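**Student:** Listed below are the residues making up each chain.
Protein chains: 2
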Amino acid sequence: MKFERPNIQQMTGYAAGEQPQDEKTIKLNTNENPYPPSPVVDETIKRFTATSLRRYPPPTAAKFRSIAAKLHQVEENNIIATRGGDELLRLVITTFVDPGETIAMSEPTYSLYPVLAQIHNCPILKVPLEANWALNKDFIKKTNQAQAKLVLVVNPHAPSGHLLEPAEIKQLAELSNSVVLIDEAYVDFIDPARQYDCLSLVKEYNNLIFLRTLSKGYSLAGLRFGYGIGHETLISPIMNKTRDSYNLDLFSQQIATAALSDQNYASQTWHKVREQKQKLDQALITLGIKSAPSEANFLLATLNADLPMTAQQVYVALKQQHILVRYFDAPGLQDKLRITIGTAEENDQLISTIKRLFSSFQ
Amino acid sequence: MKFERPNIQQMTGYAAGEQPQDEKTIKLNTNENPYPPSPVVDETIKRFTATSLRRYPPPTAAKFRSIAAKLHQVEENNIIATRGGDELLRLVITTFVDPGETIAMSEPTYSLYPVLAQIHNCPILKVPLEANWALNKDFIKKTNQAQAKLVLVVNPHAPSGHLLEPAEIKQLAELSNSVVLIDEAYVDFIDPARQYDCLSLVKEYNNLIFLRTLSKGYSLAGLRFGYGIGHETLISPIMNKTRDSYNLDLFSQQIATAALSDQNYASQTWHKVREQKQKLDQALITLGIKSAPSEANFLLATLNADLPMTAQQVYVALKQQHILVRYFDAPGLQDKLRITIGTAEENDQLISTIKRLFSSFQ
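Chains as they are written, first to last, in our numbering: chain A, 32 to 393; chain B, 32 to 393.
Do not rely on the hints blindly, as some may be mistaken.
Pairs of lysine to aspartate or glutamate, DMTMM-like flavour, derived with a Cα cap of 20 Å [unchecked claim]:
#1 K33(B) with E132(A)
#2 K77(B) with E263(A)
#3 K173(B) with E199(B)
#4 K33(A) with E132(B)
#5 K77(A) with E74(B)
#6 K201(A) with E132(A)
#7 K350(A) with D53(A)
#8 K173(A) with E138(A)
#9 K33(B) with D53(A)
#10 K234(B) with D222(B)
#11 K33(A) with E35(B)
#12 K77(A) with E205(B)
#13 K77(B) with E49(A)
#14 K168(A) with E132(A)
#15 K33(A) with D73(B)
#16 K94(A) with E35(B)
#17 K33(B) with E376(A)
#18 K33(A) with E235(B)
#19 K55(A) with E263(A)
#20 K168(B) with D129(B)
#21 K33(B) with E138(A)
#22 K94(A) with D337(B)
#23 K94(B) with E377(A)
#24 K157(B) with D169(B)
#25 K310(B) with E376(B)
#26 K94(B) with D53(A)
#27 K234(A) with E35(B)
#28 K234(B) with E35(A)
#29 K310(A) with E376(A)
These aren't lab readings, by the way, just hints derived from the structure by calculation. What you are looking at is a predicted structure, and each value in this text was computed from that prediction instead of being measured.
Bound conformation, chain A alone (with noise of 0.2 Å):
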């Protein structure tokens, strides 16, 4: 006897990237930050006891929210901590969305949103992004059409790192019927001169829900901390009623809120992700590699047709030299590689490995 609801026994797991748990391997494929964390980080580690974590922690992660509200400039009831960026995705499903209720994407985009979807046993909606990675100009249509009851929109865009303007969101909270989480997980690594800035928004609409990770931004993968920005009225529903009580440990409160008020040392290191992007950019075009624009940590970079190998090629050779770039074996992407920045050294180290890889067909 199988106890499984039908639609789990249907599904297939989110297939994460690896994570090799050695130092030698050069880890290019789940878009971490290459450079460590802010000293203030080691400060709260080393001031932190074991003592502290005899009660129960902050249930609403109070400080960590008040000084992400001073960072954004909105008030503490629209922000809620999170377990991840992952939790936040999970508690917008569960509480806005009907199992059955249609939940929509574009395609391609970020590979855990349909599998959140099918957990929670609700049709997907997937719709084709233009050529250049922008969504598609009937997707606002299409998504009202289908009745759908969340629209899912990364921005910048994964895997391609395109970069949506605010006056877009602003089009996509204005004409969606529907609840509109924009995935921001990659906002931290754009560059300043764009001005990229949508978090005011949510004063207006009240179906819009921003989502930040410390994940990347702030080198705190390992933390597993996010947060979402949005009007009050989301935040309450989730903050109150369908979030795990007591989500989130004392520790990563400590560490998330250290992190944050450090915003001097953090763009230091998006800073120079800008800059060894674009060092890398040229380098991989100079081997016959042409990246989309990206405005995120990560480069999706074409293997074309008339180059030594394929993209799955080099992502199994590299792999072999210990060097982890992600492919994804799905519609639209299988000639391509995301190669999240690395440091100057790691770059260095991916461009040499696949010149000598392409020169050995010559």
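We have chain A already, so just place chain B on it with the hints.
**Tutor:** Below, chain B without anything else, positioned relative to chain A:
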């Protein structure tokens, strides 16, 4: 416009016990262990580095599961590590119960169970306990008749501390048509003379899963770490499909592994809690307050009508004196207080404060 699902609009969230963050309050309201965590937890914190947080954590908590499997003499694929016991409860519902299907429990029980059922939009069957807090003698018949898909039983029982024998658990698994979750949050405090141990049943029954937590027995409520021990066919879909990917951060995995491996220290705290429980029980009796026999780290104390104050009055008056105990405004519990076993000093202060309160009525 309200975007909440109808079942979420209608429900009330879980009311957690108060969590003052000051050190002055004597907290006997949420069943924390009164003694600090093991010294190896201290050492693990001292060795922990900020840099290690940069990468994603081990996705399935393999090291912890290996230690837990050895401790409980089961296989690693019988174990799933979760963010506190609460995450396991939610995941078991998500994995095995369709919305609209019945979840069964005794009444009273852990007050989170009905909240989780409401979030999942499931009818709840509440079967009243016998007068001595034992499971209703028709419990299995009633849950099968109601076609319950999941039965939630906390053992030792909360809030009474009543212990079901292994033979009763075996019968539950044997005769129930549903998945049976035995919530052993308080199992560590059971008198070893009772020779309670049910875990080997997971090899025999494919519908049985046990919940454990490090919050109480290992003095780590602030860490949010628990685990499930169950038949492989129950563990596998949770592990591979419904669990949030990376549900456990690196720090908590290392701390939990350290704490679980120091059984010697932990069992000393359990022994001290049992000693203090006996003393507190006796001291309450001298004040005319009788408690149910408890194998947990709390006492459910009855304030009879012939005493000078009601349970609620004592709760309020103690709170004014910075002593927190738990009062449940629920059927069958309104004349009772649930009192967590504290240190000798904390228990003494509780007793002397109640004595003073009562004497002001003479």
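**Student:** Please flag the earlier hints that this structure goes against, numbers listed from lowest up.
**Tutor:** 2, 6, 9, 10, 11, 12, 13, 14, 15, 16, 17, 19, 20, 21, 22, 23
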